[in-house]
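*Asks:* Protein chains in written order, with our numbering: chain A, 221 to 465; chain B, 18 to 232.
In case anyone wonders, no lab produced these hints; they're calculated from the structure. Misleading hints may appear alongside valid ones.
[To be verified] Straight-line alpha carbon distances no greater than 25 Å define the calculated DSS-like cross-link-like pairs of lysine-lysine that follow:
#1 A:K249 to A:K426
#2 A:K458 to A:K259
#3 B:K147 to B:K228
#4 A:K259 to A:K426
#5 A:K259 to B:K131
#6 A:K259 to A:K242
#7 A:K331 to B:K147
#8 A:K332 to B:K147
#9 A:K242 to A:K458
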Amino acid sequence: MADSIVNVLGLRKRYGTNEVLKGIDLDVKRGEVIAIIGKSGSGKSTLLRCVNGLEVFQEGSLEVDGRPLRHGDTRAMRELRQGVGMIFQNFNLFPHLTVGRNVMLAPTLVKKRDGADAEAQARQLLERVGLAEKFDAWPDQLSGGQQQRVAIARALAMQPSVMLCDEITSALDPELVGEVLRVVESLADEGMTLLMVTHEMNFARKVSDRVVFMHAGRIHEIGPPERLFGDPQTAELKQFLSALH
Amino acid sequence: MVEFTLWDIFRNLLLAARWTVVLSLIAFVGGGLVGLALLMARLARLRGAERGVAAYVQLFQGTPLLMQLFLAYFGLALFGLNVSAWVAAGLALTLYTSAFLAEIWRGCVNAIPKGQWEAADSLALSFGEKMRHVIGPQALRIAVAPTVGFLVQVVKGTALASVIGFIELTKAGTMITNATFRPFTVYACVALMYFALCWPVSAWSRHLERKLRRG
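Go ahead and model the full structure; you've got the sequences and the hints to work with.
*Replies:* Below, the structure is given as structure tokens:
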């Protein structure tokens, strides 16, 4: 496990008596791209949200970059979250801040970067996602695809070692999906560790190193995309894949 | 019999209106600070804050301000605390205002989509940073109208302080009526003065709302 960056062991999560994650073991290597697929309600988003502590789990352990996740320990959470970026389905940009300020906010507050430094970094990141000219624009002036790319730049500004993507193209018009996926693909190419919950099966097949199929709160099948998509072993995965076509 | 000119009436009312203004300011500032503290205690999930604040809010929202004034004035005296009308009125209005503001502002904070909290959390912002830079500014924008609406009510609510012998605008109006026997003129002037106090506050609120619409 020398090179593992996210380590999940025996993770269980319950809402009241309803157990939504029933013992998850997952070991993610540095630079690995993991696609998590499955029906809605299978627990895939919940699992992703456990990784940066947005969801509390009751049993098991979770480590990111050697740092154990401890709810209730504010300092430990702050440390861990600095290493984990997250991109959401609904972008969640801060509507009262310009695009540039959205990207600069966390580095200036949490990493105590000075203004000029943070601005230079924000401009560079916006250029990287193809939005250099939008620095002074407001989030609501942008298309969904542009907003999502700003959200990616904002997450990257914290220089995370892991990036979580929670159905990041599900709220986009079909013609805008491509521009966002290209940015994600470039991240994968640059060696970023990615955990993504996605419904874009072609994309998952193309960029991921391993695919996780979740079913009823468990990891039902896991393996390289060629095997999961080409030769599914379980009836549930076969049914899931055939329902897509 | 002494003749009172309109100016006599107006001048004396104006002098009393000072105390309405001061009492309102005490209620605004005191109530605002206590209300904010209550809200933050609740949002930070301090132990027992959720229930404690809810009970506090229910208590002060569920009883008439008039009773609160009586209790502050006569109730504290029962415990051997001899408080002046000033202290009693200031205290009652502060507590009353804080309960309402804490609840109004909680509603505004709740109106901020969950995704904003999660985005701030995932960027490793602390509770204070999240409030100050993400949730606060957005909640403030929604809070202006209901907050000012309530503050205007507080200005008018200070009239109740007259029942514990506090001489403010309304009490002065009654006293001047007793001396001049011109109730209509006097109370018309009193009403005008309340309007002159409240209207600029409402106008300022509209201005502030426009200004906060962006950034």
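*Asks:* State for each hint whether it applies.
*Replies:* Hints, one by one, checked against the model:
| no. | hint | verdict |
| --- | --- | --- |
| 1 | A:K249 to A:K426 | holds, 18 Å |
| 2 | A:K458 to A:K259 | holds, 12 Å |
| 3 | B:K147 to B:K228 | holds, 22 Å |
| 4 | A:K259 to A:K426 | holds, 20 Å |
| 5 | A:K259 to B:K131 | holds, 23 Å |
| 6 | A:K259 to A:K242 | holds, 16 Å |
| 7 | A:K331 to B:K147 | holds, 15 Å |
| 8 | A:K332 to B:K147 | holds, 15 Å |
| 9 | A:K242 to A:K458 | holds, 22 Å |
Of the hints listed earlier, there is not a single one the structure fails to meet.
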